[in-house]
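Visitor: Below, each chain spelled out in residue letters.
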Amino acid sequence: MTYERLERPEALHWPCPSLDHPGTPILHREKFSHPDGIGVFAPIEWKPPAEVPDEEYPFVLTTGRILWHWHTGSMTRRSETLDSEVPTGWIEINTEDAKELGIQNKEMVRVLTRRGSVEAPAKVTPDIMKGVMFMPFHFAECAANILTHNALDPIAKIPEFKACSVKVEKITEA
Amino acid sequence: MVAKGDSVYAWAADAACQERGECGGAVTALLTHALKTGMVDAVLAVKKGQDVYDAVPVLITDPAEIAETAGSLHCGTLLLSKIFKNYLDGAENMKIAVTVKGCDAMGIYELAKRKQINLDNVLMIGLNCGGTVSPVTARKMIREKFEVDPDDVVKEEIDKGQFIIVTKDGEHKGISMDDLEDEGYGRRSNCRRCKMKIPRQADLACGNWGVIGDKAGKATFVEVCSEKGANLLDAAVAAGAVKTDAVPPKALEIRGKVEGAMLKLGDKWRTRYFEGLGEGKDRLQKIMADTSRCIKCYACIENCPICYCVECSTKKPYLVEPGQIPPPFMFHLIRFAHISDSCINCGQCEEHCAMDIPNSLFMHALQVDLQEMFGHTPGVDMELPVLALVEEKTERKRLADTGDDQIFDIFQ
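As they're listed, the protein sequences go chains Z and S.
The first sequence begins at 3 in this note's numbering and counts up by one.
The second sequence begins at 138 in this note's numbering and counts up by one.
With the rest of the complex left out, here is chain Z (with noise of 0.2 Å):
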């Protein structure tokens, strides 16, 4: 790869070895970059998270990235295009959920977990399934955070922030 193939209209798709190489427009359409060339797959025994859901805390919590803000939101947020886009988070809850709960779209309301309690606006919609809630986690005003459960896989370490349980309360005037 140069900059000068770069520079070209049609520009050129990583990877791309040596300087006469076409590049990559898409990854593993012959084969697989194992020696026989095929994928390996490894079968794995389903295991529940650590946390699931009961009668306190009857719904599973997700979290994650939204297209308009990275991470913290320490650049993204800075920005003004984006900030009008989406100025804050929210928790998605399916209609349904919404409805038995009496909460309307766009309400605040209080998400609880065994950590932790936010408050955020309810993204009422049927884009989400039912028994599941969704936050993103880029805002420091309802940081998902504080809610999700710190149980770390034993090998990889990696954190179960996309899985604990979660209740959601309608906010009343104390």
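Each hint should be verified, as a subset may be incorrect.
Said to hold, decoys possible - Restraint-style ranges between C-beta atoms, simulated for each label pair:
| # | chain 1 | residue 1 | chain 2 | residue 2 | range |
| --- | --- | --- | --- | --- | --- |
| 1 | S | Glu281 | Z | Leu21 | 19 to 25 Å |
| 2 | S | Asp191 | Z | Pro17 | 25 to 31 Å |
| 3 | S | Glu281 | Z | Lys108 | 51 to 57 Å |
| 4 | S | Gly417 | Z | Asp129 | 28 to 34 Å |
| 5 | Z | Thr90 | S | Met492 | 23 to 29 Å |
| 6 | Z | Thr90 | S | Asp191 | 41 to 47 Å |
| 7 | S | Met492 | Z | Pro24 | 23 to 29 Å |
None of these hints come from the bench; they were simulated from the model.
All residues carry an ideal CB built from backbone N, CA and C; glycine is no exception.
Since the structure of chain Z is already known, use the hints to place chain S on it.
Guide: Frame of chain Z, contents of chain S only:
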């Protein structure tokens, strides 16, 4: 002395300028004269960047640099109009001579109507344009149809219906544009539909259509389209920078034929593209399906010569719910409502679209329908559009305050 409506053959008096420029270097000589004599403060033109596929806009204040912009670049897909608004204070504080294709000229008029460009300070040197080819398409076409390495091409031209390349070894190769386009190569879709081949709304319209006999290739056909244009040509001739000759009657006839053939081709492509879009609900369905790829990158709005608002309606949360990809269809409806009456089919919204949505086709199809209905032709003069954006509350207040009954008076 020339006057508006006259046509002459013109070429540069200076031999180096003749050599460097195309068709006798008249445009290069005119621009140089305008800048040298202080008729303008700067020249805005296009020069070759990395290679023949890369066109770069350049603002020139040193007359010696004008020669760098000589010659045509058909793979340049730039629109110069919005550069005035975005970078040159709308020519408010500077007199600028600019080379314009049909779409550049139309875009400049549309921005001038919206008080974003001061036409008094702009001297437009129009250039005939039969269309442009997107750089990626051009390189693919040269590799696949011409069977030539695109990096070996040192020059390209469009002449007598052919796309012609010249390689570094001096080899010429031409293929009929019709054949190329039937196979999916060739000019950009908006250029195929374009019917502004000779920009007569500029001050001078220059090109090689109608240059015949011993002048062929050695002179430029210059049509004088305004008093400003006449003054420039007269001054350049008086100063000995440009030489002219009378146009033989036969040349006018041939020029008419070339232009007529181009316009007919434009009509053919319009029919093909617009029929392909269908009508009524089918058309709506197609537009909705294609625009559902939108990633809201705003490239269409940033590059549109009609869009000039400080506060864009697409950023109002009550009109377009923010944070959604694809954005609600209202995003596109706002563009259609605000632009379609004035769309000049410059193709920028399509050229820059990260998702290859045929935005220009949609907008142009709407514009042509509106033109048929209301008789307004955008880009040719200072006539205001039929439909216009108004901020309802402000507009109501203005009507109440002034007792005026003319609604949609937005350009005050």
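Visitor: Output the indices of the hints that this structure fails to meet, ascending.
Guide: none
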